[in-house]
Amino acid sequence: MRRALAVAAALITLLAVAVTAEVRLSSIQRADPLGKRLLYLPTAEMLGLGSLGNRGLAADLVYLWSIQYYSQFEPREQFLYLEKVFDLITDLDPLYFDAYRVGAMIMTIDTSASAAERREAVRRLYDKGLRNMPSSWELAEVAAWDALQQLRDPELAIHYAKIGAAIPGAPPRLRRVYGRWEEKAGQWTPEDSLAYWQAVLAEAVRKPDVILAKSHLYDAVARVDGRRLDPLLSAYRDRFGHCPDSWRQLVELGWLQRAPTDYVGNPYRIDREHCRLEPHKRIRWD
Amino acid sequence: MPEVYTSSSDGGAGVAEYELTVRDVHKTFDPGLLRRKIHALRGVTFEVERGEVFGFLGPNGAGKTTTIKAITGIIAVESGRIEIGGHAHAAPAAKRRLGFMSENPYFYNHLTGRELLRFYGELLGMDRDRIRRRSGEVLERVAMQDHADRPLRSLSKGMLQRMSLAQALLGSPQLLVLDEPMSGLDPLGRRDVRDIILAEKGRGTTVFFSSHVIPDVETICDRVAILIAGRVRAAGSVHELVARRAEMYEATFVGTDPERLRTPLVSTHVGGDASWVRVESDHRDELIRELATIDARLVSLTPVRSSLEDFLLGQFAIEEEP
Amino acid sequence: MRAIRAIAVNTLREALRDRVLYLFLGFAVLLLVSSKLFGMLTVGDEGKVIKDLGLFGVQFFSMLIAVLMSVLLISREVDSRTVYNILAKPVSRWQFLIGKYAGLLATVLVNLALMVALLVLVVLLYEGQLDARLLIAGAMTLMEMTVVAAFATLFAVLTRPMLGSVLTLAVFVIGHLTRDLWLLTGHLQGEGVRWLIGAAYYLLPNLERFNFKTEVVHSLPVPAAAVGWAVVYGLAYTGVILLLACVRFGHKDLA
Numbered sequence: 001m002r003r004a005l006a007v008a009a010a011l012i013t014l015l016a017v018a019v020t021a022e023v024r025l026s027s028i029q030r031a032d033p034l035g036k037r038l039l040y041l042p043t044a045e046m047l048g049l050g051s052l053g054n055r056g057l058a059a060d061l062v063y064l065w066s067i068q069y070y071s072q073f074e075p076r077e078q079f080l081y082l083e084k085v086f087d088l089i090t091d092l093d094p095l096y097f098d099a100y101r102v103g104a105m106i107m108t109i110d111t112s113a114s115a116a117e118r119r120e121a122v123r124r125l126y127d128k129g130l131r132n133m134p135s136s137w138e139l140a141e142v143a144a145w146d147a148l149q150q151l152r153d154p155e156l157a158i159h160y161a162k163i164g165a166a167i168p169g170a171p172p173r174l175r176r177v178y179g180r181w182e183e184k185a186g187q188w189t190p191e192d193s194l195a196y197w198q199a200v201l202a203e204a205v206r207k208p209d210v211i212l213a214k215s216h217l218y219d220a221v222a223r224v225d226g227r228r229l230d231p232l233l234s235a236y237r238d239r240f241g242h243c244p245d246s247w248r249q250l251v252e253l254g255w256l257q258r259a260p261t262d263y264v265g266n267p268y269r270i271d272r273e274h275c276r277l278e279p280h281k282r283i284r285w286d
Numbered sequence: 001m002p003e004v005y006t007s008s009s010d011g012g013a014g015v016a017e018y019e020l021t022v023r024d025v026h027k028t029f030d031p032g033l034l035r036r037k038i039h040a041l042r043g044v045t046f047e048v049e050r051g052e053v054f055g056f057l058g059p060n061g062a063g064k065t066t067t068i069k070a071i072t073g074i075i076a077v078e079s080g081r082i083e084i085g086g087h088a089h090a091a092p093a094a095k096r097r098l099g100f101m102s103e104n105p106y107f108y109n110h111l112t113g114r115e116l117l118r119f120y121g122e123l124l125g126m127d128r129d130r131i132r133r134r135s136g137e138v139l140e141r142v143a144m145q146d147h148a149d150r151p152l153r154s155l156s157k158g159m160l161q162r163m164s165l166a167q168a169l170l171g172s173p174q175l176l177v178l179d180e181p182m183s184g185l186d187p188l189g190r191r192d193v194r195d196i197i198l199a200e201k202g203r204g205t206t207v208f209f210s211s212h213v214i215p216d217v218e219t220i221c222d223r224v225a226i227l228i229a230g231r232v233r234a235a236g237s238v239h240e241l242v243a244r245r246a247e248m249y250e251a252t253f254v255g256t257d258p259e260r261l262r263t264p265l266v267s268t269h270v271g272g273d274a275s276w277v278r279v280e281s282d283h284r285d286e287l288i289r290e291l292a293t294i295d296a297r298l299v300s301l302t303p304v305r306s307s308l309e310d311f312l313l314g315q316f317a318i319e320e321e322p
Numbered sequence: 001m002r003a004i005r006a007i008a009v010n011t012l013r014e015a016l017r018d019r020v021l022y023l024f025l026g027f028a029v030l031l032l033v034s035s036k037l038f039g040m041l042t043v044g045d046e047g048k049v050i051k052d053l054g055l056f057g058v059q060f061f062s063m064l065i066a067v068l069m070s071v072l073l074i075s076r077e078v079d080s081r082t083v084y085n086i087l088a089k090p091v092s093r094w095q096f097l098i099g100k101y102a103g104l105l106a107t108v109l110v111n112l113a114l115m116v117a118l119l120v121l122v123v124l125l126y127e128g129q130l131d132a133r134l135l136i137a138g139a140m141t142l143m144e145m146t147v148v149a150a151f152a153t154l155f156a157v158l159t160r161p162m163l164g165s166v167l168t169l170a171v172f173v174i175g176h177l178t179r180d181l182w183l184l185t186g187h188l189q190g191e192g193v194r195w196l197i198g199a200a201y202y203l204l205p206n207l208e209r210f211n212f213k214t215e216v217v218h219s220l221p222v223p224a225a226a227v228g229w230a231v232v233y234g235l236a237y238t239g240v241i242l243l244l245a246c247v248r249f250g251h252k253d254l255a
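Chains as they are written, first to last, in this note's numbering: chain A, 1 to 286; chain B, 1 to 322; chain C, 1 to 255.
FYI, nobody ran anything at the bench for these hints, they're computed from the structure. None of the values given here were measured: they were computed from a predicted structure. Even for Gly, the Cβ is constructed at its ideal location relative to N, Cα and C. Hints may be right or wrong, so weigh each one.
[Claimed, not checked] To give an idea of the chain C side of the interface with chain A (calculated C-beta under 10 Å), a few residues:
| hint | residue |
| --- | --- |
| 1 | 82 |
| 2 | 195 |
| 3 | 200 |
| 4 | 212 |
| 5 | 220 |
| 6 | 223 |
| 7 | 232 |
| 8 | 233 |
| 9 | 234 |
| 10 | 236 |
| 11 | 238 |
Pulled out of the complex, with its shape left as it was, chain A reads as follows (with noise of 0.2 Å):
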C-alpha cells in the first residue's frame, strides 16, 4: 500500500513538473522573424516525391497551413512568400481551385506589396491557373471580378471576362457581363456590340436570358440607329435652327423614307434638348 502510495506521489510529482515546464514554454517567444522558415520550404518536386504518390493530399496540407497561417492577420512578414507558397500549392495540384481564388484574394489585401505588385502577382497566379484549367470559365469569372473590385482593374477585368466568356459552356451571364464592360470601357463599335449581341441571344435557351440578350441588342440597335439618325437631326437643326418636332419633318424633307422604330418596333423619341434620338425604352440591367 504505501508503496502504491509512493508511486502515486511521484507520478503526480513528475506530471506537475512537466505541466509547469510547458506552460513556462509557452509564453518563450521562440523566433520566427520575417517568416524566413517560409523561404525553406520544399519546392513542389520533393514535396511531391515526399507524398508519396499523395501531392493533392500534400497541397491540401500546406494549403490548410496557408490558411492557419494566414488567417493569423498582422500585416508585416506573412505576404513575403505568400506567392511562393501558392505556386507551392498550385504546382503541387494544378487543378486546385480554391488555391488560385484564395491565394489571389489574400494576395488582393497584401498591404506589404504596391499597387501595381499585387496586381502582377494576382495576374500570375490567375494566368497559371487558367493555363492549367483553361476549360474553368469560373475561375475567369472569379478573376474578374476580382480585378474589378479588390484590384479596381477595368482593364484586367475585361481581359478575364473575355477569356471566360469564351470558354465553351460559359454561362449566358458571363457573356453579357464581357460585353457590358466592354461597352462601358468604349472599345466596341456600335457595330461590334450589334454583333455581339446578336451571337448572345442566338445562344440564349432560358427565357430570362432571352429577355436580357434583347435588352443589350435593343441598346445597340439603338446605338447603330443613332449613329445614323443623330447626324441628320443635327443637320435639320443647323439649317432650320431648332431641333425637330417629329421624325414626320424628315421624312417630309425627303431626308428619310419613313419613321424610324427601335428594335421591338417602337418608333424612336428625340430628345430637343440635345437633339438627338432617344430610345423608348430601357430594359433593366443584368
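Place chains B and C on chain A using the hints.
Only chains B and C this time, still in chain A's reference frame:
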C-alpha cells in the same frame, strides 16, 4: 486427499532449518477473453531442508516449471508464501542466496561465455576480482574453460547447458534451483552434472531440481516431491516413498496357462512355452502350492524391486482415477 | 545502480554488435552526403539546406533507432527468455527496465553523436567554419529521443513488438502536431470540448519544445530559458512514462 509425507533427513530429531519454503502457492493463468483459465498451481506446499538435495518430479504439465518460475520471481503468485533462507523470495537478500539454471539455456548470443559470467557477476554485486576468480573456478568445474571465449551462438546445446550451470554457480549460492539440469545431455554430461550436484551438496549447498530422469533422482536425492496437476501428491525420502509400495514376486513357469490359476495375480504374460506372472508377497506361497498341485513346473521366482518410477506411475494412476 | 549500469552496458553492447545499427548508420551517412545534391533542387541557400537536411536526418534516424531498437532490446529479451536469468539475480524488475532503457538511450546517443559529428564536419567543409550551434540542436534532439525512447519502453512492456513500434511512431508524429492541437482550441465552440482538447494537449508530449533547428540554422539567439525549461519538461515527462512502464512491468507475468 493427497498423501504428503513430511519427514526430515535427520529422522525428526529436531526442527530442521529450511532453505526453501513453499507454502500453499496458487497460480492461475488467464489466456484471455473467451478462453478457459489454467489453474497451474493449486496449493503447492513443500519445504527443502538446508544442505539437502531435493528432487521435484511430475509428468509434463504438472506445474514443475511453473513452481520454479514462481520461486525465482519470473511469475507472480496469487496467494501463498515462498521463502528462501527465511527471506521473502522476491527480496534481494533471497535472490543473493539463489543460483538458478533454467530448463533451456537462454543467453545473449552476442556475448562470449566469459562476458556472460562477467555480466551476471555484476548483477550479483560482485567486484571485478571476485568475478574473475569465480569465473575461472566455475568454468573449470563445468569443463568449459577452453570454450569460454567463443561466442555463445557457436556453442552446442550441451555446452550451453554447462554454461548455464556455471552462471548458476557463479555467486556461490546457498540454494541451487535447477530446472531439468540433465535434459539434452549425453550420459557423460549427465554424470558430470550429477557429480557437480553432489559436490555442491558436500559444500553445504541446498540443491532443488526438477527432472524426468528418475534413476538420477533416485541416486542423488535425499528427498523428493511429486507434483501432479498442480498439487504435491507425495513428498519424502525416496526410501520412504518406495517402501510403502507392496513387495511383489515374479514367477516364471511352464506347463500351464496363467488364466487357469486361481491365485490372485497382479499381472501376467505368456510367451512361447513359458509364462510369467506377478503376485503380491502375501500370495507368493499360495501360487507355489497351486503350481505344484497342477504339475506346472516353476522355473524361477524372484522378488520385484520397487522403484521410484513405479511409485510415480502409481501416483499418476491414482490421479487419473475417476 | 550497479545492476542498472551492467544491464545498460550489456544492452549497448548488444545493439552495437547487432548489424541493424550499421544499416542505420549507413543510411544516415548517405542522407548527409546527399544533402548536397538536394540543395540543388530547392530554392534557398544551400548551406542552410545542408544543415536542415542534416538535422532532419539526425532526428529521423535517431527516432528510428529508438522505435525499432526498443523492440529488439526489450521485447526480444522477454520473448527469448534471457530475462529469466536476470530476474533470478538480485535485480528488481524496475532496475532491469531502467537498465534496458538506459542502454537504448546510450545506443541512440552513440548514433546521434556520430551523425552530428559528421554533420559538423560536412558544414565545416562547405562553409569553412565550425558551427558549434549544431551541437545545441543535436543535444535537444537527444532530449527529444529521451522522451520517445521512454514511450518505446512503455509500449514494449504493454504490447507486442509490431504494435509497440507503430504506437511509438504515432507518438512521435503526434508529438510534433500538439501545437496545432492547441491552436485548434481557439477555433472551437464549447467550454467542455476546449477543456478536453486542452487536457489532451498537456498530457500528450509536445516534442516541438525540443526543436531549436530554426534558431540554429538561421543563426538566431537561442533563449536559455527555453532550453532550460525544455530539459526540465523532457526529464519530467520521461520520468512519468518510465514510472508507468516500471509499474506495469512489475506486475507482468513473463512466462
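**Study point:** Cut-off 10 Å, beta-carbon criterion: hint that residue 195(C) touches chain A
**Key:** violated (14 Å)
Exercise for review: With chain A as the partner, please determine if residue 238(C) meets the hint condition of a C-beta pair closer than 10 Å.
Suggested key: holds (9 Å)
Check your understanding: Holds or violated: is there a CB of chain A closer than 10 Å to the CB of residue 236(C)?
Key -> holds (4 Å)
Review point. Are residue 223(C) and chain A close enough, Cβ to Cβ, to be under 10 Å, as the hint says?
Key: holds (6 Å)
Check your understanding: Taking 10 Å as the limit, does the beta-carbon of residue 200(C) come near enough to a beta-carbon in chain A?
Key -> violated (13 Å)
Exercise for review: Mind checking the CB of residue 212(C) against every CB in chain A and telling me if the closest is under 10 Å?
Suggested key: Where the cut-off is 10 Å and the nearest Cβ of chain A is about 9 Å from residue 212(C), the hint holds.
**Study point:** chain A contact restraint on residue 234(C) - CB to CB distance below 10 Å
**Key:** At 8 Å from the nearest chain A Cβ, residue 234(C) passes the 10 Å test, so the hint holds.
**Study point:** Interface hint status, residue 82(C) versus chain A (Cβ within 10 Å)
**Key:** With a minimum Cβ separation of about 27 Å from chain A (threshold 10 Å), the hint on residue 82(C) is violated.
Review point. Any CB of chain A closer than 10 Å to the CB of residue 233(C)?
Key: With a closest approach of 4 Å, the residue 233(C) hint holds.
Practice item. Against chain A, run the beta carbon of residue 220(C) and see if the smallest gap drops under 10 Å. Key: holds (4 Å)
Review point. Any CB of chain A closer than 10 Å to the CB of residue 232(C)?
Key: The hint holds - residue 232(C) has a Cβ within 10 Å of chain A, the shortest such distance being about 4 Å.
The structure is inconsistent with the numbered hints 1, 2, 3, although it conforms to all the rest.
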